[in-house]
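**Student:** Residue strings, one per chain:
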Amino acid sequence: MILAWVNGIYEGVDSFIGGMRLTARFLVENLRGQGGATAVTRQYPQEPAVVVGNRVRGHLFNKAEICIVCHACDKACPVDCFVMDGERDENNKMRASRFDIDLSKCIYCGLCVRACPTDSLSMTTGFEVDPHQDAARYLFRRSSDQLDKHLDEPDVVRMARLANQPREGLAADDRAWLDGIVNPAGEHLIGMYGMGYFTPEQKAKADAERERKKKEKEAAAAAAKAAKAALEKAAAEKALAEKEAAAAVAKPEAGA
Amino acid sequence: MTSAAPAGSELQAPSSKLDNAAIAERVIAAHPTVAARSSDNGQPYLLVPPAEIVRVATLLRDDAALRFDSLMDLTGWDLSKYPATPPSSDLVVAYFLHSLAHRHHLTVKVQVPREAAEVPTVSGVWAVANYFEREVWDLLGVRFAEHPNLKRIMTPDDWIGHPLRKDYAYPQSYNGVAHLREGQRFEPPPAPKPAAAAPPAAPPAPRPPPPASGGGAAAP
Amino acid sequence: MTEIIKPGNDEQVFTTTVDEFLAWGKENSLFYLLFATACCGIELMQTGGPRYDVDRLGMIPRATPRQADLMIIAGTITHKMASRVRTLWEQMTEPRWVVSMGSCANSGGPFSKYSYSVLNGVDKYIPVDVYIPGCPPRPEALIDGVMALRERVRKYRTVGIRDKDPHVVQGADCAFGSHPGKASSLELGASSPQGPKA
Amino acid sequence: MTLGPAVDALAQWLSGPDPAWWAVGAAIVAVWVLPVLAVVFPVAAIGQIIERKVAAAMQRRHGPNTVGIDGIVRLVVRLGGFFLPRASQDRLVERICALPGLGLLKVLGLGQLAADGVKMIGKEDFIPAGTDGLIFRAAPYLALTGAFLPFAVIPFAQDLVALEVPVAALYALAVSGVTVIALLMAGWGSGNKFSLLGGMRAVAQVISYEIPVGLAIAGVVLWCGTMDLHQIVAHQYNGEWYSFLGWNIVQSPFLFLLACILFFGGLAECQRTPFDMAEAESELVSGFNTEYSGLRWGMFAMAEYTEMILVGCLVSTLFLGGYQSPIGENWIITLAPWLQTILHVGIFAAKFTAFVVLMVWIRWTLPRFRVDQVMRLCWLTLVPLCLVCLFGLALTMLLANGTVTGAAFGRLPAMQHLALGPVGYLLAWAIPVAVAVVLIVLARRKYGQMHPALRELTGGAS
Amino acid sequence: MSSDLAIESAGGERMRINMGPHHPATHGVLRLIVECDGEIVSSATPDHGYLHRSIEKIGECVEWPMFVPYTDRVDYVCAMNANLAYCVAVEKLLATDKTTAVQVPRRAEVIRVIVAELNRISSHLVAVGAMSMDLGAYTPFLHGIAQREGVNDIFEKLCGQRLTYNYITIGGVGFDLHTGAVEEIESFLAQFEKEMIRFNKLITTNTIFRDRCAGIAVISAAEAVAYGLVGPNLRGSGVDWDIRRDEPYGIYGELGVRVPVGQGYAGRTGKVGDCYDRFIVRLLEINESVRLIRAALKLLPPAAEKPADPVGGFQADVAKALRKPPKGEIRVRTEAPRGEMGYVIVSDGTKTPYRVRCRTGSFTACSIFNKLMKGIFLADIVTVIGSFDIVVPEIDR
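Protein chains in written order, with our numbering: chain A, 1 to 256; chain B, 1001 to 1220; chain C, 2001 to 2198; chain D, 3001 to 3462; chain E, 4001 to 4397.
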């Protein structure tokens, strides 16, 4: 009985000292900064976020020029957070006039990116949404008249960085570049991050353009027809003239 | 090194695995009313009339050659929308059994009419059936006779209707708070306020069916 | 966007200074309530873990709502759980804020369309200050959301308010602008929840 | 009952030769309360930050390091520089905060201390319905008084002690029981089932751990012959550089065991892990301070840290030579008296802060006992061990110098009291340790097997 | 509310405590209505449904591949194993009809094992860490969380998400291994083993921890089978049963899984099937998973020349098969960290499942609570919940 009591005390003291020594070693290791790869603390607001790898499924980004509004992503999404409708543009191809992704519903599963036939939809590495900066234009909040500005990967990253900082604090060239790309007038609805690709003026311009092209085509067709008719008439007249000339030639022979 | 010799308990007897036909034939010998069937894609099962289920279950567990001591799963589904000929509107309760001693499997089904969905409980035979049956009662509405504690397990106690039935109507609101968000695109048509406890007879289809799905799934 | 009291106008210099000092204290020591229901709860644990360590920012998890200033709704809120969330929110002592973390809390997320038992958005029961999209949001996204919340906390007025709700007077309304088609979810008006009917 | 020379002089200066009651009171406050508060109170406050930083270091993270004191500086600049325009005030604040020293303050987390305090002030003073109003409000104050009362008898320096009563040790032990009442009041007053359970557990634990603590103190009293802490410290006096050999803890293995028991008993009295079931976070939400918020909860936390300091003070006074320096007193005596006092208070503060760090270190290492295990540990392990040590001590004293009465030693320096000199010293240690080793070897051979799988898990023979 | 609990005529006065949906130790929103007489618990009845997200009803509304993200959310602590369970079940359903059978490429099968075992490690880390935190030791829990970050980094590079991966798809895997994945996994495993030894020294062999767990809530083998316990809870009671070894799926048959079984590891005070056994079985399974990952990495076939991102998954033939799956039903089970995760799938031949039923380990673990928690201490409720490694969405689905 005494031995069991002594063994209990010994085990208690032994595991107590073992544990204390271990935590002491953790303390020393941590202060010397050898915490091991998985333990280096990322001081996020002070240091930039460390996004690992290039397949990170962050917020969605839709390249406007390529999107043909085929609703493939809408069908593939289990949660149905796409709101889109399209318009015909001048050369009769479908363009997105509204492409909203409800980020408050999106579960970032990536099924829509797989379903997109034209690879216009992609997932950026962005996750921050800084609502309080007045320049808080979310990443793809672009209005239709800025669609011609093509954005490739470095620009997307740059826009992500700049869009979230207060407008006044930006450098001059950054500011100019950003103003050219992001529409300052947009406003946020809870989760509905709209992308007004094809605003009414754009639609009117596109309709006008289409009308103009149609008129041109018709005019060209009419002109072509008129030219053909004129050609035929000319040919006919020529033939007539030739016949009369031939007749005239034949007549003097008969006379002489 | 880690997986030391099994603890020598009698559960590890040399497995004398029987195939499904042998099991079916043994059970039918003892209970003629049981029918050996197989599903559309060839999965064999035993169809047991509801009254017999407790006796069959006791046989399956205690018979030396069978020894189905572990009820892996007990679940059920509603056949009303299943494309079968002749189409039936019954509820199926399926028991999936496994024997640790002999390593063989068995599926047992009980088919009960929709209105009087009543099956005697097997929680006396397998203790885990207590929870499984409470869930089937809660979600499918099959009442289990003599169940020690038949109450809803998943949905709140004052929930109306059994969600996994194919004709289940989604609630418009619970506890005074609307179910859907304002401005949500799938705003259901303002269905008439459901009368007290009775679920509305004509279930309004509150949501359009999922995109371009075949005949099968009814609108939830 | 209700009118923000610019610190510049002189007649309130004194109160604003004391407010500013008290708000500095609140902002730097937000004790968050240990309230993790589903997947976002695991990310909340990771955020409290060694790598992201919100203890750096002065945020410690507290078990009781009395000692918590911030309630992070991490996970899905079902109808059965919603009245408990409301009770917990009411038990918290006054300078309290709510961060809705993840799509489930924002709008019901993956379960908003076909689920009968999930509450579509926790702001039907309690006023929410900051919404954080993500399913689950990265720990950095959670910290980014908390940084947005700290700006709200900076404008919280303690001194010299008798009748108004200290949150609303501050003006900076719901982080993501107003809810579609209605006033900020913060004004406890008709549209936002009074909690379950008696 | 002499109240110390400084107190008498001050009282007479205030109100003439026969000092009035208020003068004596003012003198006590001036001479004793303020210095003790000046030493104990900040260490208790810093204790919370020590806890968070040490815990963070052990868990591979940084702990609070982003909060500077810019808030306080801004307040001072706004109020002081009210005539300056706001922009220049902000610039001034930035310039002040950019001073070199303040960066270190931020990393050490002291700014976080200020921020927590300021937030607690701004918190709503919430008294839940269904609580026993008066008891609920009084509990934090009683907890603080219970924590501060024993400091009356603890000597901080040569004559810096409030009460030189002959029964000082007994007084300290008795008065620290007041916190039990506070915990019970908090438990019952909060009207919350979890708090009630927490309060019950706290009472059971603290009362049962009074016995081992009492026995440990009895051991020292037996050894030093007096109960007056001041004389116990004097008894451990030794001038040369090896003066730490004069400390009680080194005198005999039994005294060493008694020191450990006193420390662990003290740990149990202030509900620190592994004895913190009273506020067990995982079971009882937060034990007795579940319903407290804001400053009331802050008071409970302050009381807890003050009690930790109290345990540190008791152990260092009784076993580690109180305010005396480990490397001899000779060089301190030569200095000016006020410098001596400051040096002594500094050494004493270093000692009890070391104990606070040790308690924090234990908290982040060990899991928590269950209630019955705490009781079993107390009654079946610590109390018998105390009795064995007391018996051993008495035996050592009997063998060493023929008498058991401690008084015989008077103010002899520690070393010479053993008639056999250094040999006696060795014998006092060798015999008990030998017996212990034999017992341990026998016990381990009988009960010591560990399951092979566990050995593999801890990296042994796989 | 469920207030009609039969209160037996107790000797002393009973106090009913509500370890309610919000409680630090109930791992989420499990509610326990505890009747206790002072410190001794006379009955503890669990109340479920606070996280019932109707995933089985959603299974009947969304199409086959669209349900995979929901399987992540059935058991988010081991989302890869949850994906694997559903995808293996659907593949077996398709295999019942020759025309729609789907052949998973070998490389995808090996990647599935690697990823599932890595996720098993991170799931057990949460289980073991949460139990140590419930008993008061916070430091081991945080070291477990730190190690979990290593697994999160690998998965983030592999498929982009840290917790809900949607990585394993029907017919294969969503992405191929990223460049340098094998070296990263090996370096993680190397430093992980050293860390686990320190974790075990810190908490597993600590006598306070052992005394609090040894001999508590002992479950005999027959009782464990009767109550449908599975996984580490079943193996803790001495039953030598693991689906990866006894009913192998994928390439587990070739890897030779070794199964740790509970043998009263706590020495004198411990019995077979107590809380300490279940805890140690999980730790031994972590070592086993490390061994399996290394074996699987050896079996990895070389990548195709043009690394097709979706190895086997999202292929045309799978999509075609899923538009017209065979009619009928199937039940398939796989070994998740919390035991058997069995899917019963009924298909009516359309592109949407007719019924999806997921049987999980935590659900049946709760069925034994009421019987187990009679007469234990209030502080032991936390130990028992911790030793069963309950994840609430698994119970409530």
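These aren't lab readings, by the way, just hints derived from the structure by calculation. Note that the structure is a prediction, hence the values are computed from the model and not measured. Careful, some of the hints might be misleading.
[Unchecked claim] List of simulated lysine-lysine pairs, DSS-like, C-alpha gap at most 25 Å: (1) Lys4374/E - Lys3193/D; (2) Lys217/A - Lys228/A; (3) Lys1166/B - Lys4324/E; (4) Lys228/A - Lys243/A; (5) Lys63/A - Lys205/A; (6) Lys4092/E - Lys1081/B; (7) Lys4092/E - Lys1017/B; (8) Lys63/A - Lys93/A; (9) Lys75/A - Lys1017/B; (10) Lys75/A - Lys1081/B; (11) Lys217/A - Lys203/A; (12) Lys228/A - Lys238/A; (13) Lys4092/E - Lys4320/E; (14) Lys1109/B - Lys4092/E; (15) Lys93/A - Lys205/A; (16) Lys213/A - Lys93/A; (17) Lys2155/C - Lys3106/D; (18) Lys4320/E - Lys1081/B; (19) Lys1081/B - Lys4324/E; (20) Lys4320/E - Lys75/A; (21) Lys205/A - Lys225/A; (22) Lys238/A - Lys225/A; (23) Lys203/A - Lys63/A; (24) Lys1151/B - Lys4374/E; (25) Lys63/A - Lys4271/E; (26) Lys1151/B - Lys4371/E; (27) Lys3446/D - Lys4271/E; (28) Lys4324/E - Lys75/A; (29) Lys3446/D - Lys4371/E.
[To be verified] Computed from the model, here is a short list of chain C residues facing chain E with C-beta under 10 Å: (30) Gly2048; (31) Pro2050; (32) Thr2078; (33) Met2081; (34) Phe2111; (35) Pro2139; (36) Arg2157.
Using N, Cα and C, we set each Cβ at its ideal position, and we do this for glycine too.
**Student:** Quickly compare the C-alpha distance for Lys4092/E and Lys4320/E to 25 Å and report which way the hint goes.
**Tutor:** OK: Lys4092/E and Lys4320/E at ~16 Å, within 25 Å.
**Student:** So, as I understand it, the hint says Thr2078/C touches chain E; can you test that by seeing if any CB pair is closer than 10 Å?
**Tutor:** holds (6 Å)
**Student:** Holds or violated: Lys228/A and Lys243/A, Cα atoms, limit 25 Å.
**Tutor:** Satisfied, since the Cα-Cα distance of roughly 22 Å is no more than 25 Å.
**Student:** Can the restraint linking Lys213/A and Lys93/A be considered satisfied, given a maximum Cα separation of 25 Å?
**Tutor:** holds (14 Å)
**Student:** Would the pair Lys4324/E and Lys75/A pass a check requiring their Cα atoms to be no farther apart than 25 Å?
**Tutor:** Status holds; Cα separation ~17 Å.
**Student:** Within a Cα-Cα threshold of 25 Å, do Lys4092/E and Lys1081/B meet the stated pairing?
**Tutor:** holds (23 Å)
**Student:** Checking one constraint from the list: CA of Lys4092/E to CA of Lys1017/B, max 25 Å. Satisfied?
**Tutor:** holds (22 Å)
**Student:** Given the hint that Lys203/A pairs with Lys63/A, does the C-alpha gap stay at or below 25 Å?
**Tutor:** Holds, because 19 Å separates the two Cα atoms, which is no more than 25 Å.
**Student:** Holds or violated: Lys217/A with Lys203/A, Cα cutoff 25 Å?
**Tutor:** holds (21 Å)
**Student:** Are the Cα positions of Lys63/A and Lys4271/E separated by 25 Å at most?
**Tutor:** Cα-Cα ~64 Å, so violated.
**Student:** Return the status of the interface hint for Pro2050/C: holds when the least beta-carbon distance to chain E is below 10 Å, violated otherwise.
**Tutor:** Interface hint status for Pro2050/C: holds (4 Å vs cutoff 10 Å).
**Student:** Decide if the proposed pair is consistent with the structure: Lys75/A and Lys1081/B, CA atoms, cutoff 25 Å inclusive.
**Tutor:** With a Cα-Cα distance of about 24 Å, the restraint between Lys75/A and Lys1081/B holds, given a limit of 25 Å.
Hint check: violations occur at hints 9, 21, 25, 29 and 36; the rest are consistent with the structure.
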